[in-house]
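Peer 1: In order, the protein sequences belong to chains A, B, C and D. Here our numbering is used: the first residue of the first sequence is 1461, the next is one more, and so on. Here our numbering is used: the first residue of the second sequence is 98, the next is one more, and so on. Here our numbering is used: the first residue of the third sequence is 10, the next is one more, and so on. Here our numbering is used: the first residue of the fourth sequence is 5, the next is one more, and so on.
It is possible that some hints are incorrect.
Said to hold, decoys possible - Below, a list of computed lysine-lysine pairs in the PhoX-like style, where the Cα atoms sit at most 25 Å apart:
#: 1; chain 1: A; residue 1: K1535; chain 2: C; residue 2: K580
#: 2; chain 1: A; residue 1: K1685; chain 2: A; residue 2: K1579
#: 3; chain 1: A; residue 1: K1705; chain 2: C; residue 2: K507
#: 4; chain 1: C; residue 1: K174; chain 2: A; residue 2: K1611
#: 5; chain 1: C; residue 1: K174; chain 2: A; residue 2: K1705
No lab work stands behind these hints, which were simulated from the structure alone. Computed from a predicted structure; not experimentally measured.
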Amino acid sequence: MGKFFAVTVAIIAILSAIPIVMNYWGPPADISTHGAAIDDQLHETMWEAGVSFLAAQLVLALFVWQFAGRGRNDKLKNFPGGAKWLVIAAFLFVGTEILALGVIGQKAWATVYFAAPDKDAVTVQAQAGQFAFYFRYPGPDGKFGTPRPDKIDEGNQNFFGLDPENDVASRDDIVAGELAVPVNRQVNLLMHSKDVGHSFYVRELRIQQDFVPGLDLAVHFTATKTGQYEIVCTQLCGLGHYNMKAYLNVLSQEDFDKWLKDKSAQ
Amino acid sequence: MNTTTTPNASGKSNGMATTYVVYVTILAIAVYQVCFAMMAGPQPMLMLALAILQASIAVMYFMHLAAERQVLALALIPYTIFVLFMMNMIWSDSVRLLHMRPH
Amino acid sequence: MSEAAAHHGPPQGFIRKYVFSLDHKIIGLQYYGLALVAVFVGMFLSWLMRFHLVWPNAAIPGLQLLSKVGAPGGLITPEYYLSLLTMHGTLMVFFVLTNAPFAAFGNYFLPIQIGAEDMAFPRFNMMSFWTTFVAFVVLLAAFVVPDGPPISGWTAYAPLSAIGKDAGPGLDMGQNLWGISIAIFCIASLLGSLNFIATTLDLRAKGMTLMRMPLSTWAWFVTSCIALLAFAVLLPACLLLVLDRVAGTSFFVPAGLVVSDHLQPHSGGSPLLWQHLFWFFGHPEVYIAILPAMGIVSHILINSMRKPLLSHKVVIGSMMAIGFLSYMVWGHHMFLSGMNPFSALVFSFPTLMITIPATVLTLIWLGSLYGSRLQITAASLFALGFISMFVSGGVSGFFLAQPSIDIYLHATYFVVGHFHLVMGVAAIFGVFAGTYFWMPKMTGRMMNETLGKIHFWLSFVGAYCIFMPFHYLGLAGNVRRYSSFVDDFMAPLMPVHKFITIAALCTGAAQLIFLYNLIHSRFWGPPAPVNPWNATSLEWTVPSPPPWNNFGGVHPVVYHDPYQYSVEGAKEDFIMQNSPEQVKTTVRS
Amino acid sequence: MSQANLAVDPHAAVMEESPFAIPSSKLVMWLFIISDAVTFGAFLFAYGYIRNASTDWPTPFEHASIWNALLMTFILVTSSLTILFAVRAAQNDDRAGAFKWTLITAGGGTLFAILHLREWSSLIGEGVRMFQNPWGAPMFGATFFTITGLHMLHVIGGVIALTVVALTYRAGRYSAKHIEIWSLYWHFVDIVWMFVVPMVYLLNMKR
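Working from the sequences, and respecting the hints, build out all of it.
Peer 2: Right, here's the structure in full:
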C-alpha cells in the first residue's frame, strides 16, 4: 500500500506539472509595456514553486516507498543532520526565494503603481455600475464635466450624471460603452464606481484593479498591439456579475482620432 | 518554583497607599487632558499618549498586574499591543479616502 | 476554576447527558456532528454550483422545492448561483473548517491529552456549542426567508452587502441573517478559545509540562490564541455591518451611490474599512483552520512512523511563528482592492515569510519519514495525503503573495484552487485522519480500515482532479464567481470545467463511503481496545469510550515526553506517557 | 462557576503548576479583557478611519458636556477605587464591608449610566440620531452611539454582574476570588472610558 501511495503521488505530481511545463494553459499573449515584467515574475515564480512542489512530492513519494511497512526488526534511522540542518535549509532556500521574488521582484508592481502617468497620456474615465462599464472622454476641450450622482438617469442614457445645461465642460464629453485607446500611447484610466465594488480586468493588458465606491483610483497602461480585448468584472457585484463585460479596442492613432470624431458627432 | 499560591495580586501586600496615588494620578491626568484640550485644542497624539499612560497604571496597580507573576504581563500585553499595532495599517487608506474622493 | 470537572457528577437523564451536556466529550461529538451536517450541506451546494456551471440548461429535478424563485423549474438562476456560493463558503469556513479540526477534536481530546477531567469551564463549553448551533440555525434560516440567501459571497464585501435590497436579491433579510449568524459565531468562538487556553495552561496532569504536551494539543492551544483576538475583530465588523443594514448608518458605504436608480442616502463610510476589518480576521482564520490539522497530522504520523518527529520544539516554534505572522499579512487579500499600493509591498513581505515556518514544518515531516517504520493505515494515509495537499496548496501561495503576480491571478480560479487545496482539502484531510485515528476512542468501535482506504484513494485522487485544474484555469485567466461563462474567451476552457465537475460529483459521492463507514462502525463495528494503535499519549490510557470523568477519578501522572516510540530496551516498542517505566537510551534526537 | 472557594490549591498536589499561578477564572477574565480590548480597539479604529476621511466632521461638544464627561470619569474612577476597597475587605474576611463596597461600586456604575443616558437624551433632543445630526457628517451619531453605547452596555452588564456577585457573596457561595475577578472587569470598563473621553469627547469639542 505504501508503494502504491508513492507511485500515485509521483504520478500526480508529474501529471500536474506537465500542463505547466508544456505551457498548455498560460496567460494570453501580453499586449502592454509593463506586462513583460509581470510575466517574467510569474515565470520565475513558476520555476521556483514548481521545483519546490516536485521536490517535496517526489521526496514524500520516495520516503514512503522506502520506509512504509518496515517492521520492528528494521533499524530506525534519523535524517542525516537532523532538524537543525533542515531548518537552516528552509531558511536559506526560502529566504533566497523571498529575496529574489519578494524584494527584487517588486519592481513589476512598482512600474504599474508607483510611476506617475505621462503628461500627454490619453485620459479616460471608466465608470462601473451594475452591470456595465461606461467610458468617458473629455472631448476637444480636454476637460471632464463634473458628474453628479443625482443626475444619473440610465433611461435617458445619462450614465455619468452629466448636467450639460449648467456645466459647460460636460457638453463635449464623449461617452461610450467600449474603451477605445490609441496603440503605443499611454492611457490614464480614471476609475469611478457608480454603485458597488467592481473590477477592471483585461487579461492581455495584465491590468486588474478594483473600482472602489467612494474612492476614485487611476491606473495607467500602454497597449502595444491593436485589436479587441475583453474587459471583465472580477469583483462580485451582484446577480449580473457574470455578464458584466465590455471591450477594449486598441486602435491605431488615426483610427482612434476617427473614432473620437464619429463619437462626438453622435 | 513555588508551588503554592503566592499571596499576591490583591493589594494585600502593597497596601492602599499606592492605590490612592494611582487614583489621584489618573484623575489628575484626566483633568489635565480636559484643561489642555480646552485651552490649546485637543492634540490627538498627546491625548492618546495620556490615555495610554492612565490605562497602563490602572492595569498595573488597579488590576494588580504588576503584582502578578511577570510572565502573565509578558503573555498578555505584548500580544494585545501587537494586534492593535498591526491594525494601524489601515490609516494610509483612510488618508487616501480623503484625497481621492469622487468629484 | 481549576477544580474543573469535580463539580459536575455523572450526568443523569437524556437531556443532561446528550443535549445540554457539560461533558467535553459529548460537546466534542456535538461539534463533530454539526460539522458533519454542515459539510454535507456545503458539499451539496458545491455540487449544484459545479453542475450549473457546465450544464446551465439542465434542470435539476426537485430543486425548485429548495427555492421557487432561485431555481424555477429546477434551473439555477444567476443570483441563486451566488447564493449557493455564499452559503457554501460561509458554511465551510465557519461551520466546518473552524468547527471540525479545532472545536470538535479539540474539545474531545485536549483535556484527555493533558490528563484533565474536563475543560476548565464546562458550562462555557456547553454554551459555546449551543451558541454555535444557534449561529448555524440562523444561517440556514437564510434559505427559507422570502428573498433567499445573500449573494455577496462569504466575504460579504460592502457596499453590496450593506445597502439592502436595492443591490440585488438576497441582500435583504438573507444578508441580515448572515451578519447576525456570524456575529453569534464570533461569540461562540470566543468562549471556546478562552476555555481552551485556560484548560491547556491550568489543568495539566502532574508531570505534563508544556513541552510534554502532544503536538495536537499544542496546535489547538496556538489556534485558540489566534482565535481569541481574530474573532474579536470580526465581531465588531459584523455588528457595524448589521447596523449599516438595519439602523441606516454607513460605516461601509460612501456617499453618492446610485443603486437600481436610487441615490442611496448613505455617506461617510468606506468599503475598504469592511475589507480591512474582515481580512484582519480572515487571514488568521485560515490558520485557525489549518493549524489544528497540522497538529493532528503530526500526532498521527508519529504514531504511524513509530518514531518522534525530528524536533518537537521546532514544530511547536513553527506553529507559533505561523500564528504570529498571521496577524501581519491580511492585506494580501486586498492588493488590488484599492488599498494603498505601498501597503501592498508591506503586506507582501511577511506573507512570503510565512513560507519559512511552513517549509520548516514540511521538511520536518519529510525528514522524519526518513528511516521510519511507517505503518499504512487509513489514518496515516490521510496524514500523508495532508502533507501532499499542503505542499500543493502551499506553493501556489507563493504566487499570490506577490502583488505583481496578483495583478494577473487575483480573482481567478487560481485563487480558488489555492485556498481549496491548502485550507479546504488539507484541513479536511486532517479531520479525516483524526476521524480514522480517534473514532475508536470516541465511539468505542473500530472503523473499517478497508473502506477507509478506499475512501482515501477516491478522495485523494479526486481532490487533485478537482483542484489542480483550477490552477490551470486561473493561469489561463478564468475569473471566479461567474455563474456561467457567456464570453468566447472561456469557451475553450469548458472541457476543463466539465472534467472538474465530473470529478467533483464522483469525489463527493465517495464521501458517502465515509458516512456509511462512520455510521455503520458506530453501531456495528468491532469493539475498540484501549490502545488499538499502540500509541503513547494519555488518550490511549483510558477506556474506549472514556468514562464521564475521563480517568475515573484518578489523577494521571506523566513521566515522559509524548512520543516515546521504538524505545530500545523497553518492554514494548513504545512507552506510554504515564508509564513509570524508565529506559536509559532512546532514539530521540 | 465554582461552588466553593477551595482553600487548598488543587494544583499543589495532583496537577502541574499553572504558569501564571492564578486561578483559571482569573486567567479567563484577563483573556476576555484583552479580547474585548481588541473589540473596542476595532470600534475606535473604525471611528478614527471614518472621522479622518471626513471633511465636515462636527465638533459639537460644549464645555458643559466636557465637564459632564469629566464628572463621569470621576465617578467611574472612584468606583474603581471602591471596588478595590471591596476586594480588600473581602480578602480580610470582612464580608459586610465587601458586600457594602461592591454595592457602592454598582451604585457608582448606575450613576454613571444615568448621567450617560441623560447626556444621550439631551443629544437626541438636539436632533442627533444614528445617522443624522444638525451639524455635519451624519456618521458622527453612528460612531458616537456605537462606541459609547457599547461602553454603556459594558457598564450596565458590570452593574448587574457586581450586584449578583455581591448578593451571592453575602449568601456565602462566592469568595473573595470572585469579587477580585469581577473587579478586573470593572477596572477594564474604566480603562475603556479613559480612551473614549479623549477620542470621542475631547476631539469633538467645540472650537
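Peer 1: Compare the structure with each hint and give your call.
Peer 2: Hint check:
no. : hint               : verdict
1   : A/K1535 to C/K580  : 17 Å, holds
2   : A/K1685 to A/K1579 : 22 Å, holds
3   : A/K1705 to C/K507  : 24 Å, holds
4   : C/K174 to A/K1611  : 22 Å, holds
5   : C/K174 to A/K1705  : 23 Å, holds
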